[in-house]
Amino acid sequence: MGKVAMLIDTSKCTGCRGCQVACKEWNDLPATTTTNWGSYENPPDLSASTWTRISFHEVADDRGVRWLFFKEGCLHCTEAACVEVCPTAALQYHEMGFVSLDEDRCNGCGYCVEFCPFQIPRLEINPLTGQGKAYKCTLCQDRVTNDLIPACAKTCPANAIQFGDREAMVTMAQKRVEELKAIGYTNAVVYGDKELGGLGRIYVLMERPSVYGLPENPQVPALTRLWQKGIQPFGYAAVGLTLLGLGFNWVVQRRVARAAEAEEEG
Amino acid sequence: MEERYVKRFSASERLAHWLHFLAFTVLLGTGGFLYMPALQPFTVGTAGEAARLAHRVAAVVFIACPLIYLIGDPKGFFYSLREAFSWGAEDVQWLRLAWCYYTRGAKCAGIPPQGKYNAGQKLNVLTQIVAFILFTVTGLIMWFGHGVVSPALFRWAVIIHDLSVTAVLVLFLLHLYLVAIHPFTRESIMAMFEGVVTREYAQEHHARWYEEMKAGGEAG
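Sequence lines, in order, name chains A and B. Take the first sequence: its position 129, counted from the start at 1, is 133 in the working numbering, and no numbers get skipped. Take the second sequence: its position 114, counted from the start at 1, is 119 in the working numbering, and no numbers get skipped.
Hints listed in this document are in silico derivations from the structure and should not be mistaken for laboratory results. Mixed in with the good hints there might be a few duds.
[Unchecked claim] One side only, chain A facing chain B, incomplete, derived with CB under 7 Å: (1) 127; (2) 230; (3) 232; (4) 251; (5) 253; (6) 255.
[As the list claims (entries may be wrong)] Residues from chain A that keep clear of chain B, each with C-beta distances beyond 10 Å, as calculated: (7) 19; (8) 40; (9) 44; (10) 93; (11) 97; (12) 109; (13) 118; (14) 136; (15) 163; (16) 200; (17) 216; (18) 228; (19) 265.
[Said to hold, decoys possible] Here are the in silico distance ranges between beta carbons for each label pair: (20) 55(B) - 48(A): 26 to 36 Å; (21) 184(B) - 259(A): 15 to 25 Å; (22) 33(A) - 22(B): 47 to 57 Å; (23) 217(A) - 186(B): 55 to 65 Å; (24) 252(A) - 164(B): 46 to 56 Å; (25) 108(A) - 191(B): 42 to 52 Å; (26) 219(B) - 243(A): 36 to 46 Å; (27) 201(A) - 30(B): 39 to 49 Å; (28) 107(A) - 22(B): 36 to 46 Å; (29) 146(A) - 86(B): 33 to 43 Å; (30) 133(A) - 142(B): 14 to 24 Å; (31) 46(B) - 262(A): 39 to 49 Å.
Predicted, not measured: the structure shown is a model, and the values here were computed from it. Backbone N, C-alpha and C define an ideal beta-carbon position, used for all residues, glycine too.
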């Protein structure tokens, strides 16, 4: 099976948040009670029970004031820091090109939360005992592996969310950006076609990525691979050399003692 | 007639030591799963959550150990601390002859008389102190730091915690070898069970401490 991707065309998004609702419906996630904090943006952040969310951004320039909508959620990196640090393999690369999450395997350590370059996964744990799990968008892994498109893509009334073969999605995004540039949106850009080995979620953005709170040049944190590929082998080597050294010491002191005994007897 | 044994460790010191040992092995076991791909099943799901809970309970005991020593035996605590931090030319000389000391024993010429702790033991104590601080600080960051500290700080905490494990694990193996296996020093383990060592052992391995004790009657 080839790689799939989700295309999110922010130029078409109307901020209706149908995707938020569809996500909760399909994944059986409870609604959260929120209070008015002076914005239509709601809920105010991703959470263990909110895996996708539309963030609202006001931009004032010579076009006047514009209201930009942005669909937050896991970006399904091809080089995913969360997969690299996950000690239980609850997070894995799926052959279809998304980062799958097996809740049963997760032990709630939260390394994924702290290593994600986009700060997407959310922990729901008891702060004292640490019992709980991490959650994030799975690209509807149960749907897409059964020939259905993700719930959010299915519901989007503006067709701002497309889903399909990754190559086709990238081509579609590039074409759309050209169209936007032609009608004067000169800052329009494709995001996710190349970032972190290519994301499983591709955006058509109206403005620079940073306007939406995205890192312009996302990187896997430098310490990500140090643990499994640096400290682990180093630990093994250190323990191995120590045991060797102790064994050597044992042999040498024994030989010294034997020689002394032989001398006494002789 | 002189007594056959001399006092080496107080009851509080021994209690703190064995609690520390217990906590350390639980921490090593539950944390060590992350190091060993073969034991990965113990990190997964419910078992993993249980391991993380045990790690936290043991961590509380681990952090309490120095306090138990301090409260139960303040004099001994500060004596040991002072000893660990006082270094002289004879300590350097001891380290230089350490291999000879642990292979030839009493026949090794030029070993300077040592205090209650020899230079190797001092190094162990100093490393344990540094590691204790690193473990506690980075552990608390990982325990309570989600959403409080910056992700970059959290990442460093993970790395430093793991590096400290490596340092302490090497010392632990060395310690275990010397107190339980090595023929020259293994009789000293009785000091941790019964609080005493034989007079001969004190004279041979900690001559300066032995003289201090004889002169002042009391030396930690």
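Worksheet item: Against the structure shown, which of the earlier numbered hints fail to hold, in ascending order?
Response: Structure breaks hints 3, 4, 6, 10, 12, 13, 14, 18, 24 and 29.
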